[in-house]
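First to last, the protein sequences are chains W and V. Taking my numbering, I'd label the letters of the first sequence as residues 1 to 370. Taking my numbering, I'd label the letters of the second sequence as residues 1 to 308.
A hint or two may mislead.
Stated by the list, open to error - Under the rule of at most 27 Å between Cα atoms (straight-line distance), these lysine-lysine pairs were calculated in the BS3-like manner: (1) W:LYS192 x V:LYS12; (2) V:LYS234 x W:LYS332; (3) W:LYS300 x V:LYS77; (4) V:LYS97 x W:LYS192; (5) W:LYS332 x V:LYS46; (6) W:LYS332 x V:LYS208; (7) V:LYS234 x V:LYS94.
Claimed, not checked - Covered stretches of chain V, going by a simulated chain W footprint (3 or more residues, C-beta under 8 Å): (8) 103-111; (9) 132-146; (10) 199-210.
Claimed, not checked - Label-pair restraints from in silico Cβ distances: (11) W:ALA291 x V:ALA53: 32 to 38 Å; (12) V:GLY203 x W:GLU157: 40 to 46 Å; (13) V:HIS237 x W:GLU61: 54 to 60 Å; (14) W:LEU215 x V:ALA287: 52 to 58 Å; (15) V:ASP276 x W:ALA291: 34 to 40 Å.
Hint data in this document are derived by calculation from the structure and do not stem from the laboratory. From the three backbone atoms N, C-alpha and C, an ideal C-beta is built for every residue, glycine too.
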Amino acid sequence: MHFLLIGNPENRRVAAFVAEIEALKVHSYAVIAYQDLLDNTVDLAAHIRPNTIVKIDSPGENSAVRKGLIEYGATLSHPTNLTLLSDFGRITYQEEWYRGFCSFLPDLKARLLPFDVRLMNGVDSILTLFDKVATKAILTKNNVPTPLGLDNVRDYETLRTQMQARRMSSVFIKPAHGSSASGVVAFRTDGKRVQAISSVELVKEAQAIALYNSLKVRRYTDEATVIELINSILKGKTSIEQWIPKAAFNGLCYDFRVVVIAGKARHIVARTSKSPITNLHLGNSRGDLSAIVAHIGIAKFEAIKNVAEQTAACFPDCLYLGVDVLISANLKQIMVLEANAFGDLLPNLADAGENIYQAQISASVQKWSQ
Amino acid sequence: MISENLDSFNGKSVIDFDPEEGLLKNLNHHVYRLRIDYDDYSSGKKMEDLIHAFARIPVIAECQELIIGAWDFESSKRAEVLVQTLVELKDAFKNLKAFFIGDITAEEQEISWIRQSDLSPLFAAFPNLEFFQARGGDGLSLSELKHKNLKTLVIQTGGLPPNVVQDIANADLPNLEKLELWLGDDNYGFESSIEDFDAIINGGKFPKLTYLGLKNSNIQDEIAITVAKSPLLKQLHTLDLSMGILSDTGAQALLDSPNIKNLVFLNLDHHFMTDDMMAKMGDLGIAVSMEDQGNYDDEDDRYVEVSE
């Protein structure tokens with residue numbers, strides 16, 4: 001078969017996927033760079049053969065592509081001032097980026113339409129999955145358990161009022177279009193004291209405050225600072241959910257990243273952390289899965305896989321999905337925290353003798369070979 | 001340590017009590033924990049009701065251990081009402097030997113947010129208690145700390161209030177074998193000075209004491225210096241000065257103590273000693289644990305392990 005990979009060629013994702021195809025020696029492949037698509041310098045026909053399988057991979061970790069996508073979405077009605085774009089790590093333009101992605105991917109889909117291609121993950125689902133509010137709505141509609149959400153919160157005061165009314169003492173605030181914990185704030189209060197835990201670094205500037213991504217999880221307890229931080233995040237579209245204490249093992253709390261491929265929960269890591277934010281790039285690490293499974297019991301582990309599969313079933317045009325699942329501290333609740341269209345970057349992880357990319361390739365062959 | 005709930009207690013497995021299930025496990029092998037979860041809390045469930053439901057089960061009269069987990073997620077509710085409930089139900093728990101109030105993880109509630117109260121009515125209500133543990137210093141008091149049978153007292157705080165230090169200095173606990181106090185940080189309620197511990201360290205108060213933990217402290221060096229000089233060392237098998245900001249100053253006093261080698265175990269985990277000092281400690285000839293060495297260069301960047 002022929003695989004067409006759309007990604008950033010310098011990224012380890014592309015190198016690793018290509019390496020798997022080359023190792024198999026039976027498939028051909030081509031790589032198209034996001035940058036070249038944005039520059040409109042690609043002749044698609046030259047990269048496509050009959051029965052081509054397209055893997056649209058992450059456009060992330062490339063600032064030129066990010067800028068290109070933002071500009072792609074900028075129109076006369078939404079002019080964009082990109083002066084802050086070169087400020088490394090600054091949390092800006094998440095909505096502009098998403099608008100660009102929402103223009104770019106459907107255009108790509110239209111360009112692919114004349115060809116004999118299958119998409120591993122469909123464009124519409126990828127875009128939905130980059131909107132946490134829309135994703136949660138779909139999960140809820142399909143009875144996939146997620147934490148209780150708060151709607152229509154655009155400022156700190158409303159947040160506090162709604163939390164009090166719902167007797168909710170802690171919440172996660174997540175930018176709707178963010179990834180890798182960017183802009184995520186875990187907030188709690190006992191009615192008087194407040195605490196915000198976040199990898200966001202707050203920098204006071206002359207007129208306002210600037211938010212930066214960092215690799216360090218910080219705790220903010222000064223309410224004036226917490227208000228500034230939260231109001232800044234709430235200016236954009238956010239998903240707000242109850243913060244449910246996660247189960248802990250050997251002194252670290254954990255949740256699971258479950259990669260579902262062709263409907264089946266396959267590659268699973270336990271992400272262990274000292275803080276409630278478990279993303280693996282924030283100094284957190286993979287836990288000992290077999291020990292954790294022994295701790296929670298096989299029935300609960302099966303239930304965790306099951307909700308991940310239910311989640312994937314909500315996106316039937318996706319061959320694979322990375323689903324984040326929590327089990328609560330009392331081991332009673334199992335809930336889906338996030339679903340990621342590009343949540344398949346977990347190197348050195350085998351299931352049934354296959355790593356994730358190998359499993360995607362063989363699942364594609366099984367699904368689409370004629 | 002406070003990042004997860006207890007799995008075992010007094011040598012038995014811990015399970016959460018569900019009033020709808022009742023008692024499913026044998027009390028010889030299991031300990032029940034009563035807890036109000038975030039979702040119970042949202043739906044208005046109360047710890048008092050849970051305690052009543054638990055006490056109504058006839059076999060509870062044989063129950064020797066009880067753990068109380070989280071009961072509140074807002075600052076509205078002190079432990080007082082739980083203490084009253086337990087005291088009212090004292091006949092139902094008449095065999096209680098081991099009790100822990102505050103098995104609450106930092107993710108459920110920061111230790112400084114736990115709202116304690118005067119816990120001493122529990123000592124009067126449960127004469128068979130041998131083990132007592134509480135977590136959280138806010139509002140805590142032990143105003144009448146008298147008990148004939150108590151062997152272990154563990155108080156875990158991010159800041160032990162001065163009245164509790166005083167309460168323990170005035171305690172009447174003739175059979176106490178293990179005392180473990182997390183003293184914590186000035187920003188979270190610790191206000192005592194080393195002199196306030198004189199009765200505990202030098203007063204001969206606890207004739208049967210073999211385990212002393214004065215830990216998680218901002219005055220860890222002064223505690224080490226004072227304990228090093230105290231005759232109390234002769235009766236201890238374990239000295240636990242972990243979790244605090246112990247530096248070479250306090251460590252040197254321990255090395256210089258004529259009685260330090262009487263110990264079986266010296267716990268100095270989470271410390272700010274230099275490598276040289278750690279080597280000397282390692283050569284002491286007794287078991288010394290020195291995990292989690294902090295950056296000792298900057299005196300202003302030393303912190304206790306648990307505060308907020």
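A quick look at each hint next to the structure:
no., hint, verdict
1, W:LYS192 x V:LYS12, "violated (37 Å)"
2, V:LYS234 x W:LYS332, "violated (48 Å)"
3, W:LYS300 x V:LYS77, "violated (33 Å)"
4, V:LYS97 x W:LYS192, "violated (36 Å)"
5, W:LYS332 x V:LYS46, "holds (19 Å)"
6, W:LYS332 x V:LYS208, "violated (43 Å)"
7, V:LYS234 x V:LYS94, "violated (36 Å)"
8, 103-111, "holds (count 5)"
9, 132-146, "violated (count 0)"
10, 199-210, "violated (count 0)"
11, W:ALA291 x V:ALA53: 32 to 38 Å, "holds (34 Å)"
12, V:GLY203 x W:GLU157: 40 to 46 Å, "violated (53 Å)"
13, V:HIS237 x W:GLU61: 54 to 60 Å, "holds (56 Å)"
14, W:LEU215 x V:ALA287: 52 to 58 Å, "violated (37 Å)"
15, V:ASP276 x W:ALA291: 34 to 40 Å, "holds (37 Å)"
Figure legend: structure checked against the earlier numbered hints; hints not met, in rising order: 1, 2, 3, 4, 6, 7, 9, 10, 12 and 14.
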